[in-house]
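**Q** Chain by chain, the residues run as shown.
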Amino acid sequence: MADQLFNIAAVIMLISLVLAIVRLLIGPSVGDRAVALDAMTIISLSLIGWIALSTGRGIYMDVALVYGLISFVGIVAIARYLERGL
Amino acid sequence: MIIQIIVSIGALLVLIGLWGLLTRRNLIKMIIGFSIMDTGTHLIIVGLGYRKGATAPILDSSITPGTHFVDPIPSALVLTAIVIGLAVTALMLAYAVRLHSSRGSALIEDFKENTL
Amino acid sequence: MNIAIVIILGVLMLAAAVTALYLKSLSAAVIAAGAVSLLASVIYLLLAAPDVAMTEAAIGSALTTVVFLYALSRMRGTKKEDPRD
Amino acid sequence: MEILGGIFAIAGSVFLFLAALGLIRMPDMYDRMQAGTKATTLGTMLFLIGLAMAEPQWVGKSALLILFVIFSNPLSSHALARAAYHAGISLGERAACDELAGACEDEEETA
Numbered sequence: 123m124a125d126q127l128f129n130i131a132a133v134i135m136l137i138s139l140v141l142a143i144v145r146l147l148i149g150p151s152v153g154d155r156a157v158a159l160d161a162m163t164i165i166s167l168s169l170i171g172w173i174a175l176s177t178g179r180g181i182y183m184d185v186a187l188v189y190g191l192i193s194f195v196g197i198v199a200i201a202r203y204l205e206r207g208l
Numbered sequence: 640m641i642i643q644i645i646v647s648i649g650a651l652l653v654l655i656g657l658w659g660l661l662t663r664r665n666l667i668k669m670i671i672g673f674s675i676m677d678t679g680t681h682l683i684i685v686g687l688g689y690r691k692g693a694t695a696p697i698l699d700s701s702i703t704p705g706t707h708f709v710d711p712i713p714s715a716l717v718l719t720a721i722v723i724g725l726a727v728t729a730l731m732l733a734y735a736v737r738l739h740s741s742r743g744s745a746l747i748e749d750f751k752e753n754t755l
Numbered sequence: 039m040n041i042a043i044v045i046i047l048g049v050l051m052l053a054a055a056v057t058a059l060y061l062k063s064l065s066a067a068v069i070a071a072g073a074v075s076l077l078a079s080v081i082y083l084l085l086a087a088p089d090v091a092m093t094e095a096a097i098g099s100a101l102t103t104v105v106f107l108y109a110l111s112r113m114r115g116t117k118k119e120d121p122r123d
Numbered sequence: 019m020e021i022l023g024g025i026f027a028i029a030g031s032v033f034l035f036l037a038a039l040g041l042i043r044m045p046d047m048y049d050r051m052q053a054g055t056k057a058t059t060l061g062t063m064l065f066l067i068g069l070a071m072a073e074p075q076w077v078g079k080s081a082l083l084i085l086f087v088i089f090s091n092p093l094s095s096h097a098l099a100r101a102a103y104h105a106g107i108s109l110g111e112r113a114a115c116d117e118l119a120g121a122c123e124d125e126e127e128t129a
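Chains as they are written, first to last, in my numbering: chain X, 123 to 208; chain D, 640 to 755; chain C, 39 to 123; chain F, 19 to 129.
In isolation and in its complexed conformation, chain X is listed as follows:
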C-alpha cells in the first residue's frame, strides 16, 4: 500500500519535471530558464529520494546530499552572471 502511494508520488514528480523542462525550453528570457533549472534540480532531488526508497539502498541518499549542497552553486553563478558581477 505504502509502495503504491510512493509510486503515485513518483509519477506526479515525473509529470512536474516534464512541465519544468517545458518552461526551460520555451522560456522567453534567461531568468525564466534559470528559475526552471532551479525547480528541475529540486524536483530531481526528490526523485533521487524515491529511487533510493524503491531500490532499498541507503547509499543513494548521499547523491541527494551532494545535489542539495552543489545545486545552488550553479544557480548563484547564473545570478552573478546576469548581474554582471562574475
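Since the hints were made in silico from the structure, they are not lab data. Watch out, some of these pointers could steer you wrong.
[What the hints assert, rightly or not] Taking CB as the label site, the calculated pair distances span:
#1 F:Pro45 / X:Ile130: 27 to 33 angstroms
#2 F:Leu36 / C:Met39: 21 to 27 angstroms
#3 F:Gln52 / D:Pro711: 40 to 46 angstroms
#4 D:Pro711 / C:Ser63: 39 to 45 angstroms
#5 F:Ala105 / C:Ile41: 40 to 46 angstroms
#6 F:Leu93 / D:Thr706: 37 to 43 angstroms
#7 D:Lys751 / X:Ile130: 57 to 63 angstroms
[Claimed, not checked] On the chain X side, residues computed to face chain C include the following (Cβ under 7 angstroms):
#8 Ile143
#9 Val152
#10 Ile181
#11 Val188
#12 Tyr203
[Unchecked claim] Below, a sample of chain F positions facing chain X; criterion: calculated Cβ distance under 10 angstroms:
#13 Glu20
#14 Gly23
#15 Ala27
#16 Arg50
#17 Ala53
#18 Gly68
From the three backbone atoms N, C-alpha and C, an ideal C-beta is built for every residue, glycine too.
Given the coordinates of chain X, assemble chains D, C and F onto it according to the supplied hints.
**A** Just chains D, C and F now, kept in the frame of chain X:
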C-alpha cells in the same frame, strides 16, 4: 532492453553533439556541442556495464549473500573521464577567450587562413 | 517502471540538447547544457552507478556551468573595454 | 506509519506539481519565480518527511537534506530575483509600484 534504450539515447546525444560541433559558427556553441558529445559517450559506457536486477557494488548493511552487482569497471572509467572532460572543456574555453581577446570575435569564420 | 522513467528522462535530455544548440542566446544555451547534465545524473543513478551520479552532479552540472559562465563574462568584458572592435 | 509517510509523499509531490504548473501558467518572470521556488521548497520538505517516516533508519540523512534545502533554496531564489531586477527584466504591466527603484539609485551613488 534497458541497455539498448540507454545505448541508443547515448548514440543520439553523440550525434546531436557532433552536429552542433560541425554546424554552429560560435566557438562557445561548438564547445557546448563537444560537452554534449562527452555526456553521450559516458552514458554509452555506463549503460554497457548494467545488468538487469543488479545493484551498486558498494557494501553496506543492506547487502545479502546472493545479491547481483553491476560491473564496476565502466563506472570507474567514466568517473575519470568526467573529470578529464572538465579539464578539456576548460582548456578549450581558455583558447576561446584568448582568441576573442586577440581578434575581437568569437565566430569561426573570422579565423580563416587568408584573414591571418 | 524503470524503463518508462529512463525513456522519459532520455527524451527530455535529447530535447534539452537540441535546444542548447538551437538557442541564439549563449547564456541560455549554457543553462540548457546544464539541464542535460542534470538529467544524465539521474539516469546514472537508475543504472546503479551512484558514484558516477555524484561526480556528474558536482562536476558536470555545477562546475561546468560556472566555467562556461566565467568564460562568457570574460569575453563580454573584453568587448566592452575595447571600443575598437 | 508507512501509510502516513506515503500520504506525506503524495502531498509533497502535489506541491511540486503545483510549482511546475505555476512555472508554465504564470504571466511574468517574478510570478514564475514565486511559484517555482517557494512551492518546491515546501514540496521537497514534505516528501523527505514522508521518506523518513517510511524508512526510519534514514532519518538523519533526511533531516540533513531538509536543512540544506531550507538554507540553499531561498538563498538562490533571492540571488536570482536580485539579478533579474538588476539585469533590467521588467516587472510586467500589472505591477502596482516599483519600490526598489529609488533604493537601487542610492546604492549606485554610494558605491
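**Q** Determine for every hint whether it applies to the structure shown.
**A** Hint by hint, here is what the structure shows:
Roughly 31 angstroms separates the CB atoms of proline 45 of chain F and isoleucine 130 of chain X, a value that falls within the hinted 27 to 33 angstroms. For leucine 36 of chain F paired with methionine 39 of chain C, a C-beta distance near 24 angstroms keeps the hint of 21 to 27 angstroms intact. A hinted range of 40 to 46 angstroms holds for the C-beta pair glutamine 52 of chain F and proline 711 of chain D, which are about 45 angstroms apart. Remark: the range hint 39 to 45 angstroms for proline 711 of chain D to serine 63 of chain C is upheld by a beta-carbon distance near 41 angstroms.
Taken as a hint, the range 40 to 46 angstroms holds for the pair alanine 105 of chain F and isoleucine 41 of chain C, whose Cβ atoms sit roughly 42 angstroms apart. As the Cβ distance of leucine 93 of chain F to threonine 706 of chain D is approximately 40 angstroms, the hint placing it in 37 to 43 angstroms holds. Between lysine 751 of chain D and isoleucine 130 of chain X the Cβ separation comes to about 58 angstroms, which falls inside the hinted range of 57 to 63 angstroms. The beta carbon of isoleucine 143 of chain X comes within 5 angstroms of a beta carbon in chain C, closer than 7 angstroms, and the hint placing it at the interface holds.
Taken as an interface hint, valine 152 of chain X checks out: its beta carbon lies about 5 angstroms from the nearest beta carbon of chain C, inside 7 angstroms. With 7 angstroms as the threshold, the beta carbon of isoleucine 181 of chain X comes within range of chain C, its nearest partner Cβ sitting at about 6 angstroms, so the hint holds. Annotation: interface hint on valine 188 of chain X holds; nearest CB of chain C at approximately 5 angstroms, less than 7 angstroms. The interface hint given for tyrosine 203 of chain X is met, as the beta carbon of that residue sits about 4 angstroms from the closest beta carbon of chain C, less than 7 angstroms.
At about 4 angstroms, the closest approach between the beta carbon of glutamate 20 of chain F and any beta carbon in chain X falls short of 10 angstroms, and the interface hint on this residue holds. Taking 10 angstroms as the C-beta cut-off, the interface hint given for glycine 23 of chain F holds, the closest approach to chain X being about 6 angstroms. Because the smallest distance between the Cβ of alanine 27 of chain F and any Cβ of chain X comes to about 4 angstroms, under 10 angstroms, the interface hint for this residue holds. Satisfaction of the interface hint for arginine 50 of chain F is found here, the shortest Cβ-Cβ separation to chain X being roughly 6 angstroms, below the 10 angstroms cut-off.
For the restraint placing alanine 53 of chain F at the interface with chain X, the shortest Cβ-Cβ distance is roughly 9 angstroms, inside the 10 angstroms limit, so the hint holds. Annotation: glycine 68 of chain F was flagged as interfacial toward chain X, and the flag holds, the nearest CB pair being 8 angstroms apart, inside 10 angstroms.
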